[in-house]
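Take a look at the letters that make up each chain.
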Amino acid sequence: MSRALVLFAHPCHESFSASLHQTVVERLDRAGWDIDNCDLNAEGFSPVLTAEERRAYHDEEQNIEPVRAYVERLEAADALILVFPVWNFGYPAILKGFLDRVFLPGVSFRIEGGKLRPNLTNIKRLAAVTTYGGTRTRAYFAGDPPRKCVTRAIRYVCQPEKMRYLALYDMNRASQAKRAAFLARVAREMEAF
Amino acid sequence: MRALVIYCHPKEGSFNAGIRDLVLEKLYESGAEVRLTDLYKRDFNPILPECELDIYLDCPKNQQPVEADVADLRWADTLVFVYPTWWYGLPAMLKGWLDRVLLPDVAFLMPDAENSDIRRGLTHITRLAAFTTCGASWGLTQMMGAPGKRTIMRGVRSICSTRCRTAFAAHYLMDSSTEASRGAHLQKVAAKMDRFVDQGRENLRTAQA
Chain Z
14 MSRALVLFAH PCHESFSASL HQTVVERLDR AGWDIDNCDL NAEGFSPVLT
64 AEERRAYHDE EQNIEPVRAY VERLEAADAL ILVFPVWNFG YPAILKGFLD
114 RVFLPGVSFR IEGGKLRPNL TNIKRLAAVT TYGGTRTRAY FAGDPPRKCV
164 TRAIRYVCQP EKMRYLALYD MNRASQAKRA AFLARVAREM EAF
Chain S
-18 MRALVIYCHP KEGSFNAGIR DLVLEKLYES GAEVRLTDLY KRDFNPILPE
32 CELDIYLDCP KNQQPVEADV ADLRWADTLV FVYPTWWYGL PAMLKGWLDR
82 VLLPDVAFLM PDAENSDIRR GLTHITRLAA FTTCGASWGL TQMMGAPGKR
132 TIMRGVRSIC STRCRTAFAA HYLMDSSTEA SRGAHLQKVA AKMDRFVDQG
182 RENLRTAQA
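Residue numbers (my numbering), protein chains in the order written: chain Z, 14 to 206; chain S, -18 to 190.
Do not rely on the hints blindly, as some may be mistaken.
[Stated by the list, open to error] One side only, chain Z facing chain S, incomplete, derived with CB under 8 Å:
1) Ala44
2) Phe116
3) Gly119
[Claimed, not checked] Below, computed lysine-lysine pairings styled on DSS-like, alpha-carbon distance capped at 30 Å:
4) S:Lys169 with Z:Lys128
5) Z:Lys161 with S:Lys42
6) Z:Lys161 with Z:Lys137
7) S:Lys42 with Z:Lys128
8) Z:Lys161 with Z:Lys175
9) Z:Lys161 with Z:Lys191
10) Z:Lys161 with S:Lys(-8)
11) Z:Lys175 with Z:Lys191
12) S:Lys173 with Z:Lys137
13) Z:Lys161 with Z:Lys128
14) S:Lys(-8) with S:Lys22
15) S:Lys22 with S:Lys169
16) Z:Lys175 with Z:Lys137
17) S:Lys173 with S:Lys22
18) S:Lys22 with S:Lys42
Hints listed in this document are in silico derivations from the structure and should not be mistaken for laboratory results. For glycine and all other residues, C-beta sits at the position ideal for the given N, C-alpha and C.
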């Protein structure tokens, strides 16, 4: 059975993000995925890269020690699904910290002959499910940093066969119907994942 | 000029600390009033928790948990960010400062009956700068879309004054930097800061007087 790591980064269980998260988990489960459900807030993940970790960052023997369990979960996954709200033009800090602390040299990438090489090629499916308060235009003019981070930086280190960036923009004004349509779209995409 | 410097690096003695000191020196030289916030030193908590999200739209109650930061932000007319770029973006600690402090009614105004879209809330900020270091090359950073730079120079910029003056400099390929490359970068930062605070005009004014 293929394993999917779902990273969820919203603290409120009654939020729309939580509904998206629930849909993702249910539909993946129905499609036969073995799910590793990682709710970063509930697990009390610390997003702060410490001075010690910074010092050992490039030491591939040492650097994974503080986050070994998370590295093992990442390496055991065949699919990675990020479920998060966009806050102030980017990921919530708790998810950004997951990249800072767990996507380490020797884990997500390696340096070969001075060149960056992908190292998370075990991840064959990559998806992001997200919501933006502002409009797509607004995000576009800011360069849409979270979209770029997923569809370029994370995609590069995973080299997945399939990638989906599912985003609902303009959440501040989204009607019930629009939200329901987005939930349905996420459900469809996850079942076909 | 009232400058708020937001500094984010875990190691004292890092190159970023050198950039911070240079920025501070240039600000003091220009006669600016300066406030520095050192996020790691403060052990700032970057997680926006459930209890703060519950009151997120409840202004001004939403500002209580980060009152001092909001006061600094309202006091300032100039923002300078000094940080390392990790994973093409801001360190989580700094991203969390944006998450928790750039609140509705502080940094932006939510849509209401008269206004259909989000409006700027930092219109008193007339100068915005970011100085950073990147492990990646310039080319790779551009290929990835430079999410860190864009978060500040486009995202935060979009809620500041429309006539906001900006400055940005990054030292790329930081892990293979040399004493010479770091020295050259500090000179670049110094020159950018001089233009940023309009030191040239200040010097001229002093000379004329």
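Structure-based check of each hint:
Hint on Ala44 of chain Z is violated. Least Cβ distance to chain S is approximately 30 Å, over the 8 Å limit. Taking 8 Å as the C-beta contact cut-off toward chain S, the hint placing Phe116 of chain Z at the interface holds, the least distance being around 6 Å. Of the supplied interface hints, the one on Gly119 of chain Z is violated, with its beta-carbon coming no nearer than about 14 Å to a beta-carbon of chain S, more than 8 Å. Of the pairs offered as hints, the one joining Lys169 of chain S and Lys128 of chain Z holds, with about 27 Å between alpha carbons and a cut-off of 30 Å not exceeded.
Simply put, Lys161 of chain Z and Lys42 of chain S have alpha-carbon atoms about 34 Å apart, too far for the 30 Å limit, and the pair is violated. Between Lys161 of chain Z and Lys137 of chain Z, the direct Cα distance comes to roughly 19 Å. Compliance with the 30 Å bound is thereby established for this hinted pair. Pair hint Lys42 of chain S plus Lys128 of chain Z does not hold up; C-alpha atoms about 50 Å apart against a cutoff of 30 Å. With a CA separation close to 16 Å, the supplied pair Lys161 of chain Z and Lys175 of chain Z stays within the 30 Å bound.
As the CA atoms of Lys161 of chain Z and Lys191 of chain Z are separated by approximately 24 Å, the hinted pair is consistent with the 30 Å bound. Between Lys161 of chain Z and Lys(-8) of chain S the CA atoms are separated by roughly 28 Å; this keeps the pair inside 30 Å, and the hint holds. Restraint check for Lys175 of chain Z and Lys191 of chain Z: the C-alpha separation of about 26 Å stays at or below 30 Å, so the hint holds. Simply put, Lys173 of chain S and Lys137 of chain Z have alpha-carbon atoms about 44 Å apart, too far for the 30 Å limit, and the pair is violated.
Between Lys161 of chain Z and Lys128 of chain Z, the direct Cα distance comes to roughly 21 Å. Compliance with the 30 Å bound is thereby established for this hinted pair. In summary, the hint linking Lys(-8) of chain S to Lys22 of chain S is supported, as the alpha carbons are separated by about 10 Å, within the 30 Å threshold. Between Lys22 of chain S and Lys169 of chain S the alpha-carbon distance is near 27 Å, which keeps this suggested pair within the 30 Å criterion. Between Lys175 of chain Z and Lys137 of chain Z, the direct Cα distance comes to roughly 7 Å. Compliance with the 30 Å bound is thereby established for this hinted pair.
Annotation: proposed proximity of Lys173 of chain S to Lys22 of chain S holds, straight-line Cα distance about 27 Å (limit 30 Å). For the hint pairing Lys22 of chain S with Lys42 of chain S, the CA-to-CA distance comes to about 26 Å; that is within 30 Å, so the pair holds.
Violated hints, listed in ascending order, are 1, 3, 5, 7 and 12; each of the other numbered hints is respected by the structure.
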